[in-house]
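Given only the sequences and the hints, what does the whole structure look like? Please build it.
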Amino acid sequence: MRKALFFDIDGTIWDKENRIPDSTREAFRLLKGQGHCLFLCSGRTRVFIPDAKLMPLGFDGVLAGCGTYGEFQGEEKFYYRIPLEDIRRTNDILREMGAAYVFEGRHMLYMDEERFPEGSMFPKVLNERLGEKVVRVTGNEGSLEVSKFCVNYMDAQERQKALEEEIGKSFTIIHREGDFMEIVPKGFSKATGIQKICGILGVAHEDTYSFGDSTNDLDMLSYTAHSVAMGDGAQEAKDAAEYVTTGLWEDGILNGCKHYGLI
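Counting from 734, one number per residue, gives the positions in the sequence shown under our numbering.
Calculated from the structure, these hints are not laboratory results. Possibly wrong hints are sitting among the right ones.
[Said to hold, decoys possible] Subject to a maximum C-alpha distance of 27 Å in a straight line, what follows is the list of computed DSS-like cross-link-like pairs (lysine-lysine):
id, residue 1, residue 2
1, 971, 991
2, 749, 786
3, 929, 894
4, 765, 991
5, 749, 991
6, 866, 749
7, 765, 902
8, 749, 902
9, 765, 786
10, 810, 929
11, 971, 810
12, 810, 919
Rendered as structure tokens:
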């Protein structure tokens with residue numbers, strides 16, 4: 734019987750240099766040969782998912798923005814946009830606190846580079862990869878199309894706590910590895926995205942599998958009937974998963990699929 738498999742991108746499909754192991758490519762080929770349905774399931778919003786590099790691997794659908802967007806076979810199935818008045822109010826809070834942040838939408842990313850610490854690579858990477866699809870927050874406050882955002886870690890715990898108190902009622906704050914917080918509207922996660930797309934497509938819960946490595950994968954790994962954490966991923970992900978496979982460059986996805994008899 735056909736299964737639905739949901740794969741995180743960063744740290745699961747590819748490494749920090751966007752390199753994909755040959756064994757991962759082979760796993761996807763074999764999964765498609767078995768008739769299984771494959772989804773990208775990412776914290777990245779849709780604009781930041783490079784189709785040319787990923788969709789030819791055999792993916793049938795995309796869940797993006799931590800469950801705020803879903804598509805199947807190129808057709809958008811759902812999307813949540815934070816109300817403009819809410820994101821403008823959030824923007825005022827972030828500015829007052831001196832935060833560095835990126836608002837993330839379906840079609841654009843919004844960022845004021847000067848807010849980031851000197852030497853930060855994050856703005857440079859976004860500009861290099863997305864070019865004109867990255868625009869300033871300043872000057873575009875009346876047209877912000879945002880479904881989630883990320884904040885560079887504040888330079889003191891007291892400021893982080895103050896930020897959480899200001900926005901915590903409306904948003905879920907995910908502390909990521911490295912130097913940023915991923916912030917998602919309440920009620921949305923990778924798990925809710927999976928639940929919604931499976932409801933639309935009629936996929937039974939017992940036929941769902943997920944693969945992830947990080948803290949924004951915890952809901953997904955806990956929700957699907959079967960879940961796989963990468964062996965070189967975060968300990969929190971390993972604790973949440975049903976099965977821990979080998980590392981990304983140790984045939985992790987291929988071995989995870991073999992463990993469940995999917996290929």
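Hints versus structure:
no.	hint	in the structure
1	971 to 991	holds, 18 Å
2	749 to 786	holds, 14 Å
3	929 to 894	violated, 32 Å
4	765 to 991	holds, 14 Å
5	749 to 991	holds, 25 Å
6	866 to 749	holds, 21 Å
7	765 to 902	violated, 42 Å
8	749 to 902	violated, 33 Å
9	765 to 786	holds, 17 Å
10	810 to 929	holds, 9 Å
11	971 to 810	violated, 31 Å
12	810 to 919	holds, 20 Å
Violation of the numbered hints given earlier is confined to hints 3, 7, 8 and 11; the remaining hints are satisfied by the structure.
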